[in-house]
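Student: Read top to bottom, the protein sequences are chains A and B.
First residue of the first sequence? That's 1 in our numbering, and the numbers climb one at a time after it.
First residue of the second sequence? That's 1001 in our numbering, and the numbers climb one at a time after it.
Possibly wrong hints are sitting among the right ones.
Simulated restraints on C-beta separations [claimed, not checked]:
(1) A/Val82 with B/Thr1071: 40 to 50 Å
(2) B/Gln1057 with A/Pro113: 43 to 53 Å
(3) B/Gln1057 with A/Ser83: 37 to 47 Å
(4) A/Ser79 with B/Gly1053: 45 to 55 Å
(5) A/Val82 with B/Val1050: 35 to 45 Å
(6) A/Leu13 with B/Gly1040: 12 to 22 Å
(7) B/Pro1039 with A/Glu76: 41 to 51 Å
Here are the simulated lysine to any residue pairs, SDA-like style, with alpha carbons at most 20 Å apart [unchecked claim]:
(8) A/Lys77 with A/Gly61
(9) B/Lys1009 with A/Gly43
(10) A/Lys52 with B/Gly1053
(11) A/Lys105 with A/Ala27
(12) A/Lys60 with B/Ser1069
(13) B/Lys1009 with B/Arg1109
(14) B/Lys1009 with B/Pro1039
(15) A/Lys52 with B/Lys1009
(16) A/Lys56 with A/Gly9
(17) A/Lys105 with A/Ala86
(18) A/Lys100 with B/Gly1053
(19) A/Lys105 with A/Thr71
(20) A/Lys100 with B/Asp1056
(21) A/Lys100 with B/Lys1009
Everything labelled a hint here was simulated from the structure, so no lab data went into it.
Beta carbons: idealized from backbone N, C-alpha and C, even for Gly.
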Amino acid sequence: GNSVTQMEGPVTLSEEAFLTINCTYTATGYPSLFWYVQYPGEGLQLLLKATKADDKGSNKGFEATYRKETTSFHLEKGSVQVSDSAVYFCALTSGGSNYKLTFGKGTLLTVNP
Amino acid sequence: NAGVTQTPKFQVLKTGQSMTLQCAQDMNHEYMSWYRQDPGMGLRLIHYSVGAGITDQGEVPNGYNVSRSTTEDFPLRLLSAAPSQTSVYFCAIRTGTGNYGYTFGSGTRLTVV
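Please model the entire structure based on the sequences and the hints provided.
Tutor: See below:
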């Protein structure tokens, strides 16, 4: 079956630091990959996505590249801000389960001023 | 989270009580789903529906019932609440076709005592 593994948090960074949150996956077929963000007390918002190998998703300074050879979709940002403090979820849909999102466990990011 | 409305936002139940979590959408999308979010577990799929009159089980369906009599509504029923059902519940719709995405409601925080 499908599964997503992302680095465990919490991750604590200083403002303007570089961020990487690792995400690897197991899936049948050719998955679509997503990063969702959840700010405190809110629901999930789509941050970025990629639908085929070598695609790069980007939004709000965040980037992730779909790497089929390493089954990875790592999230990066060059300079984090306090407002980026949130929980980040890696997720996928794949194969006959194109309707079903499979999530990683989430990574809590805290950015200090 | 425009377009997906969840009610209530908060609820406290006693063990054995029943209740219905409401989810409504105004965008005429076929696919709707329910997830629960628990600390350290990410989001897990409870039930989903690909259209009116069609529902199916997700990863953690036990203790929950659903029905889909209209395109707009997808209620989640707890027939006899248990403390293990204390969680945050999210409704999600799938939007688009080829370039699809998922939109989440703002969530219902349920506590069963």
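Student: Looking back at the hints listed earlier, which ones does the structure fail to meet?
Tutor: 7, 10, 12, 15, 16, 21
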